[in-house]
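Construct the complete structure from the given sequences, taking the supplied hints into account.
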Amino acid sequence: MSTVTQDPLLSVRDLVVEFPTRRGTLRALDQVSFDIAPGEVLGMVGESGAGKSITGSAIIGLIEPPGRIAGGEIRLRGERIDNLPYEQMRRIRGRRIGMVFQDPLTSLNPLYTVAQQLIQTIRTHMDVSESEARARAVALLDRVGIPAAARRIDDYPHHFSGGMRQRVVIALALAAEPELVIADEPTTALDVSVQAQIIDVLKEICAERGASVMLITHDLGVIAETADRVAVLYAGRVAEIGPVRDVIQHARHPYTRGLMGAIPTLEQDSDRLVQIPGAMPRLNAIPQGCAFNPRCEHVFDRCYKERPVLQRAAPKHQVACWLTEEGGA
Amino acid sequence: MSEPLVQVEGLTRRFDISKPWLNRVIERESRQFLTANADVGFSINRGETFALVGESGSGKSTIAKMIVGLLAPSAGSIRFDGQEMDFASGADMRALRRRFQMIFQDPFASLNPRWRVRDIVAEPIVTFGLLKGAEITREVDRLLEVVGLSAADAAKFPHEFSGGQRQRIAIARALSSKPEFIVCDEPTSALDVSVQAQILNLMRDLQDEFGLTYLLISHDLSVVRHMATRIGVLYLGRLVEVADAKRLFTEPQHPYTRMLLDAVPDLALSGRRRKPVLGEIPNPIDPPSGCAFHPRCPLAADICKRETPAPRPTPTGQAACHFAGQNSEVA
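Taken in order, these protein sequences are the chains called A and B.
Be aware that the first sequence starts at 1, since it is given in UniProt numbering, and climbs by one per residue.
Be aware that the second sequence starts at 1, since it is given in UniProt numbering, and climbs by one per residue.
Each hint should be verified, as a subset may be incorrect.
So, partial list: chain B residues that the calculated Cβ filter (under 10 Å) puts toward chain A [to be verified]: (1) E55; (2) G164; (3) L191; (4) V195; (5) N201.
Quick caveat, the hints were computed from the structure, so don't treat them as lab data.
In this text, all values refer to a predicted model and were calculated from it rather than measured experimentally.
We treat Cβ as the ideally placed atom computed from N, Cα and C, and that holds for glycine.
Here is the structure:
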């Protein structure tokens, strides 16, 4: 199915996540499949409610009950991790899969110094002495660009600015040298001028250590300059997946194309932005067939009846749209 | 077109962030002030969209609040259509008030959840006594259709709508008193891009239809470029550059503007490498001496540490930099 030549580091197949509610079961993810190769940066974009963060939570086994994985499988280096007991999963989290969340203030414990948090993380996952862990922690902070790391390590999170805090969170995520880092909107809470710094640090340090990254964001600009491949999610389904350049410059799915046109850029000159009519359907009212059909301008009979499967549009570029087959797009 | 509708001069706002009196006495500390805005001056012409950009903490929203009268300035003046705004005075001000409105960032917080949409949109009409009885209902229905909702939505509550639809309700409410001037504080930053495009397009259509003047506050440079006629760039509460919208992006005059532009992610994959910016915005309680930007500025010289630069004219507008206008080639 995938055209990645190496064995993928992470492989997600037909993942279904459901939330039972009083008014019936909601499907937050519906048969999502993708791979991440070793050392690759996969971007995951979509609007709010598309299922980006749920995908991340499902991979690290942190879906809030009563939500549950109702189907499909997740493999890390070929080994299933979606059905592991809690204790075993806990050892994978942090050790093999690191996480960076959106808000650095809530992902750091305000009552502990940065040193305590880093050393604890390192010693939980690795068999090293206190002083060795501290030396590693200082080196890490220095690597993520915190000035005077040896001194600042004993500060509390509130002593750091937003950008610096996010650097600490990145250091924390990489402390146990994970193979995969899931970064969920790592720059959304930051100003543009700091955003570029953080993206650079994250990208460099992961490349250096050969860690793969799954970068979840709603900002296509960040994806464009960071990711190798990008998956576009819509209503809990993958609409399009492929190399960044192909998807951004030759988007095939009408949704992706609408999304690209809707973003004002610094280069183009037009009076009106392309607008996609309507809004993403609520999870309890996902239309039959293609989930995008009420908003799509190219809609035809088949879109109402059958749900489109991912089809090859170009090498490594797959699109879930019936137009691709017709050769129309 | 060129007569200014809104004129702001020397606008300053300080917040007292001192500890309580007893603590100050015991700890021998003096009063502490945070200067959110210092000496901000600009004018907005009739029918144009003037945008203010800046990072968090640069004082964008404080200016918006002072202009609509939600916050009193510490110093400086605001004139609307030639008339001095004095929010303490009664009847004159009330007549003036009808002529400007505001749209807020978060449509989940700016609409009363216990009111029906009809009452929310009608509130300014009722408050200003513009219409009576059945005319109000008719007007609300019309406004809802103007912003792309339907008259049937008037009976619903805000929670029944999505973020984009709520922002449409907020726009309908802002339009209901038939204002000339609307202050839009980050109107789309809580929305997804596809919805953002709908709202931005709607705002433009309404501007053409009703001849509105906008003050647009945003941190998103591409949104600002798309919407604005002229742009003011704020840094630590001071206006560092004002320029014609398109030329700000091609010929930035202030080093801070240049830095901001370099930091915008490149969606077109043109190969333009974004330069990570050095340092971060300083603490506004204790801003650097002289030009507040000097610790991060590539052009900084001795004079920048000593003297606060006054705005000087540039080919594209004005810039508050000691080196503006003289050698714009330095980059």
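Going through the hints against the structure:
For E55 (chain B), the interface hint holds, since its Cβ comes within 10 Å of a Cβ in chain A; the closest pair sits about 4 Å apart. For the restraint placing G164 (chain B) at the interface with chain A, the shortest Cβ-Cβ distance is roughly 6 Å, inside the 10 Å limit, so the hint holds. Because the beta carbon of L191 (chain B) sits about 9 Å from the nearest beta carbon in chain A, less than 10 Å, this interface hint is met. Using the Cβ-Cβ criterion of 10 Å, the hint placing V195 (chain B) at the interface with chain A is satisfied: the shortest such distance is roughly 6 Å.
A least Cβ separation of about 5 Å between N201 (chain B) and chain A falls short of the 10 Å threshold, and the interface hint therefore holds.
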